[in-house]
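Q: In case you want the letters, here they are:
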Amino acid sequence: MNRQLSGFRAWMWQRVSAVYLALYIAYVLLRLVVSPPGDHDALVAWMGGLPMWLATAAFLVMLLLHAWVGVRDVVLDYLKPAPLRLLVLLAVQAFLLACGLWALAVLVKLL
Amino acid sequence: MHFEVYRYNPDTDAEPTMQAFDVEVERGMMLRDVLLQIKEKDESFAFRHSCGEGVCGSDGVNVNGSNHLACITPVAEFREPVVIRPFPGRPVIRDLVVDMSDFYAQYQAVDPWLKRKDPVPEQESLQTPEQRARLDGLWECIMCGCCSTSCPSFWWNPDKFLGPQALLTAWRFLADSRDQGGEERLDALDGPYKLFRCHTIMNCVEACPKHLNPTEAIGHIRNLMLKKSV
Numbered sequence: 001m002n003r004q005l006s007g008f009r010a011w012m013w014q015r016v017s018a019v020y021l022a023l024y025i026a027y028v029l030l031r032l033v034v035s036p037p038g039d040h041d042a043l044v045a046w047m048g049g050l051p052m053w054l055a056t057a058a059f060l061v062m063l064l065l066h067a068w069v070g071v072r073d074v075v076l077d078y079l080k081p082a083p084l085r086l087l088v089l090l091a092v093q094a095f096l097l098a099c100g101l102w103a104l105a106v107l108v109k110l111l
Numbered sequence: 112m113h114f115e116v117y118r119y120n121p122d123t124d125a126e127p128t129m130q131a132f133d134v135e136v137e138r139g140m141m142l143r144d145v146l147l148q149i150k151e152k153d154e155s156f157a158f159r160h161s162c163g164e165g166v167c168g169s170d171g172v173n174v175n176g177s178n179h180l181a182c183i184t185p186v187a188e189f190r191e192p193v194v195i196r197p198f199p200g201r202p203v204i205r206d207l208v209v210d211m212s213d214f215y216a217q218y219q220a221v222d223p224w225l226k227r228k229d230p231v232p233e234q235e236s237l238q239t240p241e242q243r244a245r246l247d248g249l250w251e252c253i254m255c256g257c258c259s260t261s262c263p264s265f266w267w268n269p270d271k272f273l274g275p276q277a278l279l280t281a282w283r284f285l286a287d288s289r290d291q292g293g294e295e296r297l298d299a300l301d302g303p304y305k306l307f308r309c310h311t312i313m314n315c316v317e318a319c320p321k322h323l324n325p326t327e328a329i330g331h332i333r334n335l336m337l338k339k340s341v
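Protein sequence lines, in the order shown, are assigned to chains V and P.
In case it helps, the numbering used here puts the first sequence at residues 1 to 111.
In case it helps, the numbering used here puts the second sequence at residues 112 to 341.
None of these hints come from the bench; they were simulated from the model.
Treat the hints with caution; some may be incorrect.
Claimed, not checked - With the Cβ distance kept under 10 angstroms, some of the chain P side facing chain V (calculated, not the full set):
no.	residue
1	LYS305
2	LEU306
3	PHE307
4	ARG308
For clarity, every value in this text was computed on a predicted model and none was experimentally measured.
Backbone N, C-alpha and C define an ideal beta-carbon position, used for all residues, glycine too.
The shape of chain P in the complex, shown without the other chains:
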């Protein structure tokens, strides 16, 4: 198959270029395998990867215009030429490696831990099966960044808008029966930027390799704000 790969080293290159590669594709081959073969052909090519099975979330890339996690994306599903670029809207460090600092800062900003007002119990904080079930579709996020970097609102305001990943995480803790920081979490989410830059574009839903739904989570947060205000 024919691939065109984004190449850019900000330290030495005046501008990015696209480099063509032909790779022999075998049945069941994932995009990460192709990137590894390209790396064998040209050792200067840089991309992030680690576990190779959709757990670590390292190898998110943009392929033919949409974001994918390379290790769990069958390469056969793409139309040729397969154009591979780094995540859109992020500063490029080298080739497909981008600076995700804003993304991690936004995750940190939602206080991604359980907040307790009551004394912490001696053993576990128990949940009913129903309370636990509310977290399904939320805890599975592997923070690959496919969602936030496909969101135009995050492209425009990556320093102020939390982005779909952080907002999914915010709802994951708001929905948790063991969390007692709901009021302060909602207060922190109010304001023109953090939550309300979301215009329900839903690129995040399409991009998520884990089939999670950040837009729905954002809707739940807004509904909770509405309930608290009336």
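For reference, chain V alone in the conformation it holds in the complex:
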């Protein structure tokens, strides 16, 4: 079995991340409906608590992973010319990296 994030490993991580994303989103929505934070400070305090912060950091990692596997699948299916494929994959990586760094900056501020 290969060690790269392709084939079976990519397929497995896509599913694992999908389950985590679904659980996280369901929990956050439920919490916002059942017991919504009263103001911005309460929201920051909730998101900045260690368990929620860790869960959100994991959500970020899983979201980037899920997006990467999904978009790469589409590129592998539809884009045949190797230079174009490389260019698009690099652009997707750059975009996801930028999103990840931005989200990381927000997470660090919450601490």
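Using the hints provided, position chain P relative to the given structure of chain V.
A: Chain P alone, transformed into the frame defined by chain V:
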């Protein structure tokens, strides 16, 4: 009934055309019978066929947008005009005759034979009835190509993605108690293309004239990979 049939000879025609035929349809008539009558009206019309009873898998065609095996498909089930085309995604050799080279190459790529590490027994390799039953729904494939040529993933990557037919065959040998090549078979199936271009679209299940389920077989292969990896 009114039929519109795809006509194309790449050597002489600039582009494909559809030719109209009216055929007197009798009760119980199969699509292959119609194609034979069209052939009588126009001898230049080309299509593959052989056994006429759903065994050889030669006469797969696309009818009103979905793939069928002409010899076991009652023509009465189609809405008029009945539009008959070659299998989608395959290079046309002439009219309904397509080049299935990629399809056969993918079948060959899954090593469709029993692999033994132990010495081959003097007589038969015995199986329990339960072990034999695991092969039901797998061995019946007649390689007509209705499934693989209805699969968008196979249209996009026919040279790299094995396609539903070859993957059904791969599972047929992985599931066989007499086969001892499981590890190498699974290793060969890993990678981004061979197995994992399947996006569970399930056109293959709908198209199979033998009512087999390649998507389920692909799911079994993935589950087996999962079991082996944990």
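Q: Which hints, by number, does the structure contradict?
A: none
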